[in-house]
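Asks: For reference, the chains in residue letters:
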Amino acid sequence: MTQAPPTEPVVRLANVGKTFSRGDQVVTTALEAIDLDIARGEFISLIGPSGCGKSTLLRIVGDLIEPSSGDVTVNGKPARRARMDRDYGMVFQAPVLFDWRTVEDNVKLPLEILGKDAATRDRRAKEMLELVELGDFLKHHPYQLSGGMQQRVAIARALAFEPSILLMDEPFGALDEMTRERMNGEVLRIWEQTGTTILFVTHSIPEAVFLSSRVVVMSARPGRITKVVDVDLPRPRNEDTRESRRYFELVTEVREALRRGGGLDDAAELEAAASEERTIAEGAVG
Amino acid sequence: MSAGAGSLATSRPLRPGGTGRARAVRRSAGDYLPPIAVFVLAVVVFEYVLGALGIRSFLIPKPSQIIGALQDNWSSGRFSLFPAAIATLQEALLGLLIGTAAGVLVAFATARWASARSFLLPVAVAANAVPIIAFAPLLNNWFGLLNPVSKALMAAVLVFFPVMANVTRGLVQVEPAALELMRSYAASEWTIVRKVRVPNALPYFFTALKVVTTFSLIGAIVAEYFGGSNTSLGRRIVESASAFKYEITWGAIALAAVTGIVFYLVVVAIERLVIPWAAALRGDS
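So the sequence lines, in the order shown, correspond to chains A and B. Each residue of the first sequence is one higher than the one before, starting from 1 at the first, in our numbering. Each residue of the second sequence is one higher than the one before, starting from 1001 at the first, in our numbering.
What the hints contain is simulated information worked out from the structure, not anything from laboratory work. Worth double-checking, as some hints may not be accurate.
Computed cross-link-like contacts, DSS-like style, restricted to lysine-lysine with a CA-CA straight-line distance of at most 30 angstroms [claimed, not checked]:
1. A:K227 with A:K77
2. A:K116 with A:K139
3. B:K1195 with B:K1210
4. A:K116 with B:K1195
5. A:K139 with A:K77
6. B:K1210 with A:K126
7. B:K1062 with A:K77
8. A:K139 with B:K1195
9. A:K116 with A:K126
10. B:K1245 with B:K1062
11. A:K126 with A:K139
Away from chain B, derived, C-beta distances all over 10 angstroms, residues of chain A [stated by the list, open to error]:
12. A14
13. F20
14. D35
15. P78
16. R83
17. V96
18. D99
19. E112
20. A119
21. D122
22. E177
23. M183
24. L233
25. R245
26. T252
This one's a predicted model, so the numbers in the text were calculated from it and none came from an experiment. Even for Gly, the Cβ is constructed at its ideal location relative to N, Cα and C.
Generate the whole structure from the sequences, applying the supplied hints.
Replies: Laid out in structure tokens, this is it:
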């Protein structure tokens, strides 16, 4: 801690806590004593039962929610400063694309806000959409795309202004299993190509293991980090990875850590049911 | 946050189309043919049924008599209808303009300042429950019987509330994740208004506009019933009826109906030009 390391972490969480109060009374302790360093270029997954505060933690890193205690340092500065400097790219569970804009114009939105000139906006939007393999859909509107394609547009938009860290909040939670696995491959390819740092919230154990360099396991409320699992699977990861022995061992390790943290009980079951429901609902709409 | 605006809409909620995936169907002439055929058929049936039942023409004249009356009184004579329709349309348009402008302005204020919402909305809801048309004779007194502004203001008052309620809702009911996204870009409040709230409110605005075009005509015509320039649809209806020239009364009503429909279609056309994506979303492009 005292010696300045040559590779300063992109994100440093020190004793971060979050409570929700009504009046003077603390009603819920959502997060407690969270310490975590994320190095540049890492792929970190946050996994835990519903209500463990993993999405809250992601928003605290992104300065969308203020912590009740502790310090959040991003690129060596407070989270607020980092947000003002546009260090974050956000991807939510819903794609949050604007129907009144074409796919291309959706990707250009952050570039407009950052005041980039038209030529740069055109070039970046095209590059990013080619990166997510939607180069043929520049002029389409979001509602003309499938759920998986919409989420790829959201990723392209998040990467358009080259943020130093990508915050992804269950980005594939609403997609069917097949699409989700394909998107996992996509996001790994993008991560490897861009070298960006990713903080990824999920409640899918296989997804967390397949993608991450480290899986951060959290306990049920109050949310605490119960274990950090190093994923030493070789890269590039592909379909063979999902069938390797080491992969299964790591999935088991994460599952056991979750169970010890109270993650695989009724709450998790409810969560699984809710997720399934969402998938069904999404299927019905699409 | 938006519950107040939601409870404002008078009868049924005025919502823009659902968010189902678009069916990219272009309407062809074939889609318009069935309703037109039904209308023509209804006119023909009326023509013969009224005759067969022996209903006297002063109760309900035959469609052919109404068309005849329209031809005879189109632009000349004591009951000339076309200039009257133009005059009424002008009053309605002026009222639509005033009411819409005021509605949009107040909507921006209520959406911008939560405090404004807390005291403006209850007042607006209460005012909206008043049968505003009852003010028509008073407006005539205030602004002068012959002054078209008195009619336009009646129309404006009717137009104001649906526009205000819907635009407020469109500005306020933005996906929370969209606001988080904008905050992650450190976007200013003004940028959020321009790039998210206003485009989000446009379909709500046009939904309201399609309703209030009719309201504006109703306001103008009813205000005319209580007196005003004789060259107006309302006066033509009242006077031809008291002169027992019912086929002219019906002609004026038919003209008012056609004016209303044309007015509505113009708004629909503008909507398709301004927000083509919204129509595509509804699947009726």
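Asks: Hint numbers the structure violates, sorted upward?
Replies: Of the numbered hints given earlier, those the structure breaks are 5, 6, 7, 16, 17, 18 and 19, listed in rising order.
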